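Asker: Sequence:
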Amino acid sequence: MARLAFLLALAQSTLIYSLPTLEDRRKADMFDERAITLSSNIEVTTSYTSAISSLQSATVTVSPSQTGTILTGLPPGGFTQNPLKTSDIPEPTGSLKPLDSTLAPGPTTPLGGVDGNIFVPMATDAPPQQITSRDDHVVKKLNIVDNDVPISTNKFYANFFLGSQTQSVWTHPYSLSWAKGHGNTYGMAVSHIERSQLAWGPGDTPQYFIAPIGIQHFVFSAAELGSDTVLSTEELTAFSVYANLAPSANADPLITIPCVQGMGFVTALYNSAKPQLTSGVFFRTLDYVEQLNGITYKYRITLEDNSAWLLYATPVASLGTPPFTLKNSSMIEGPADFIGMIQVAKNPANTTGEQTYDSTTGAYAANATISGSVNGGSGSYTLQWGKMGVQNQTLLMFALPHHVESFDESTAAALTDIQLVTTTKGYARAVVADKITMTEGNLPDTISFGPWIPNANGGNGGSENTNLNSEALAMVDNAGAIELAQDFDTQTRLNSMYYSGKGLAKFAGVIYAIQTIAKNTELAAAGLVKLKDAFNVFVNNTQPLPLVYDSVWKGAVSSGTYQSGDTGLDFGNTLYNDHHFHYGYFVWSAAVIGHLDPSWLDQGTNKAWVNMLVRDYANPSTTDPYFPFQRSFDWFHGHSWAKGLFESGDGKDQESTSEDTFATYALKMWGKVSGDAAMEARANLQLAVQARSLHNYFLLETSNTVQPSQFLPNKVTGILFENKVDHTTYFGANAEYIQGIHMIPLNPTSPYTRPKKFVQEEWDSYFSQGRADKVLGGWRGILYANLALVDPATAFSFFSNPNFDMGLLDGGASRTWYLAWTAALAGTSGVETGSANATETDVEAPVEETDAQGSELSDVESRHSDGEWTAENYLSEIDDRSSDEEWDYSAETEEPAAEQEWSVEDYYSEIGDRGLDEEWYRESEEEGEGWEKT
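Going left to right, the sequence shown walks through residues -18 to -1, 1 to 916 as mature numbering (1 follows the signal peptide of the UniProt record, and there is no 0) numbers them.
What the hints contain is simulated information worked out from the structure, not anything from laboratory work.
Note that the structure is predicted; figures quoted are calculated from it, not measured.
Beta carbons: idealized from backbone N, C-alpha and C, even for Gly.
There's no promise every hint is true.
DSSO-like cross-link-like pairs, simulated, lysine-lysine; straight-line CA separation at most 27 Å [to be verified]:
#1 K501 to K79
#2 K162 to K79
#3 K514 to K739
#4 K79 to K514
#5 K512 to K79
#6 K162 to K123
#7 K512 to K501
#8 K369 to K256
#9 K514 to K501
#10 K369 to K417
#11 K256 to K309
#12 K162 to K122
Pair ranges (Cβ atoms, derived) [unchecked claim]:
#13 A715 to L81: 45 to 51 Å
#14 P74 to T684: 31 to 37 Å
#15 S341 to G443: 23 to 29 Å
#16 V534 to E387: 35 to 41 Å
Using the sequences plus the hints, can you model the full thing?
Answerer: Structure below.
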């Protein structure tokens, strides 16, 4: 059953109206060709002559439903396993023998040279032949007219075709749901929730805030719709869907609702039906006002919750004012055999807002397309809406806070005074425009594979640092030698794409650090051989649970659920959960391999296999027959949604913003390495949009004005749904889980997406004063790696401790990378870096490096009156000396300095053997004189 495609145009008394045939309705590319032009001589089939009462009132005899339903639990299909592997990593039985060869990495400078739109196809060929195809997906494709096109499984409208089909769909600021008998109606319910209606979780700082569902402010129905009514969907795109209501399974639709993200009106298209407009909140008054634009008729509605709504009716093939009668407090009835559109909108701005609605009614958004451009460190993207209805009217649409924040000049000029609160994204602003353009002036084009530091002055840009002092280099090299000797296979050939990808990324990071930072190219070359072998398991599709190509929904999925029937296996990968999380690790690992050995890109199906993963979760093309456009990332919301083919009462959700941005970073680096300049540019722009979105919605600084103020002390949203925010995770409620899932993996983009101010506030709220040191396992390592964003010296001390416990690393992290990462940030952090007051660790750190107020000490400040010397000065002094000048420790031995030199390892071992309260100092800065203990 296809939608009713109305083209209503008013241009010199000419109307365009379309009721396409069933076959044509299934062909989106034929849309413009199937319109029927109706001249001003059109035959009038209906004439409305009955008088319309200007004001109609109803008496309420029962209390209206204004509380709805609150879903405090977590829905099925979430991230239900701990993202950190808890099994111990076997100790290596030997060392990895370096190869007698060197690597010749490719360049890392931005490719540049992208002209025009960056949303261009990257490939349209079939997946590699080793990926077998299956047509028996566990979730059947039902209630969708377009049966043989890729479906964006993770988009906002999935509740319309999944499960009971009765859960809500959020376009923001409105939500819609199929009543399906609820409230004695089978129409489409419209709801808008105010902040005063939110339910708040327990605690002084509430755990959650939830918008009620099931409140029917307005319902579009028809007298012909009864218990046999069916809901179908059509024209599913990244930003829009048509929802059709038909009286039975074999009948044509009577009502079509075009659902577009940000739509200013909720529009219903009627085909020869008698409108019945109902409300669970109850109508108080219905007031006919006037005719607008020569074809649209305006009514005012007041509900029993005192909210003001506007109703606009635009009939086709009729004369006179279509009569809408307030039958009782719960129903407004329209004329029989009505053909045309009815639009409703909530009016929060009284007269001013009403004028804006009046000037834009009669037109509606049917769909949207995106285009973008990038020039170095700047970029922009435009959402262009496909307009239907009265063509000479401009659309009214709502923009979210991160849109408004980045509007270009012309778009900002189109803003209105109309604001409506959304459920989880703050207040949406109405804009009168057929398109909106957002600009980003601080793209991360200078970020590459190495540790990256933002400009200290707070300006745009930043720089990579891979030049460490000799101390840190030796530690990185030593840690890398140990970790590269580990068994790759047991950490990567797993029955989980997520855990396997993390294992591959771990070793890719180690090898990069050994090659580029430690400059041990022979050891890196040996490690790269092992990494290629581990990666080839997946390219060849010989892992325990191979991938399959799902020809039903069209995507690359785990075969696990096909074999077991367990839809939650591997976090729901087979049902399209978390694909950007899972596949991002593989794409980034491939980028490292291709960078270190460019010839690998042209071997076998390596490149095609990685591109398949990219097309699955981040396809830039709407014409690819094998994968949908941008499955995971939502360019309207500015972040990805993790939930796939699971019906959900609170809509789509995401709980790991850091893995979201890492997946985009993987695209950036794969685009750079594989020679796809458009992909690299697109990912740079996407990272900028994500950083802005995260700042507004997920990572909550005290200055945040978008989310409710009482929720800000949580510092992160936890799981952000379309309808609620819950400060928890699917796998537990420990603070390190909730906060840490927004940290992993720490990577070069982390300083870009996680501002210092936020990181410091979060640390002070949850992990300072020794609290981090009570955290168990790999989560502690994550916390200290994150601490490097504001206090890299303390973080470096944690990872450089000679007695470091390798059990404090998660399965996707390495000590090698953490040492390189923290040392690089410490070497360039400057005096602006603050201390996190990380004290009382239960592992020994070499020395303390901050003063009592938590400030970093300069070379002069750190020398106390008794001549004590801190670790920071020691490292600085070492760095000032060439790498071939080693320190002696003649004062600690009876052997002369000339015969017994002091290595970096000896220094840290000696420090580790002494208590934390024993500081070291140099009696003299002359080389050859010894170290003494105070």
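Asker: Give a verdict on every hint.
Answerer: Evaluated hints:
1. Note on K501 and K79: the hinted pairing holds, with a Cα-Cα distance of about 16 Å set against a maximum of 27 Å.
2. Of the supplied pair hints, the one linking K162 and K79 is violated, its CA atoms being roughly 68 Å apart against a limit of 27 Å.
3. For the hint pairing K514 with K739, the CA-to-CA distance comes to about 40 Å; that exceeds 27 Å, so the pair is violated.
4. The straight-line distance between the Cα atoms of K79 and K514 is roughly 16 Å, inside the 27 Å bound, and the hint therefore holds.
5. Note on K512 and K79: the hinted pairing holds, with a Cα-Cα distance of about 12 Å set against a maximum of 27 Å.
6. Taking the CA atoms of K162 and K123, the gap is about 20 Å. The hint holds against a cut of 27 Å.
7. Annotation: proposed proximity of K512 to K501 holds, straight-line Cα distance about 18 Å (limit 27 Å).
8. Between the alpha carbons of K369 and K256 the distance comes to roughly 26 Å, so the proposed pair stays at or under 27 Å and holds.
9. Restraint check for K514 and K501: satisfied, since their Cα atoms lie roughly 20 Å apart, inside the 27 Å limit.
10. About 10 Å separates the Cα atoms of K369 and K417, which keeps this hinted pair within 27 Å; it holds.
11. Distance hint between K256 and K309 is fulfilled; the C-alpha atoms sit about 14 Å from each other, no more than 27 Å.
12. Annotation: proposed proximity of K162 to K122 holds, straight-line Cα distance about 21 Å (limit 27 Å).
13. Between A715 and L81 the Cβ separation comes to about 47 Å, which falls inside the hinted range of 45 to 51 Å.
14. A C-beta distance of roughly 46 Å is found between P74 and T684, which places it outside the suggested range of 31 to 37 Å.
15. A beta carbon spacing of about 43 Å between S341 and G443 contradicts the range 23 to 29 Å that was offered as a hint.
16. For the pair V534 and E387, the supplied restraint of 35 to 41 Å holds, since their beta-carbon distance comes to about 39 Å.
Hints 2, 3, 14, 15 from the list above are not met by this structure, while the remaining hints are.
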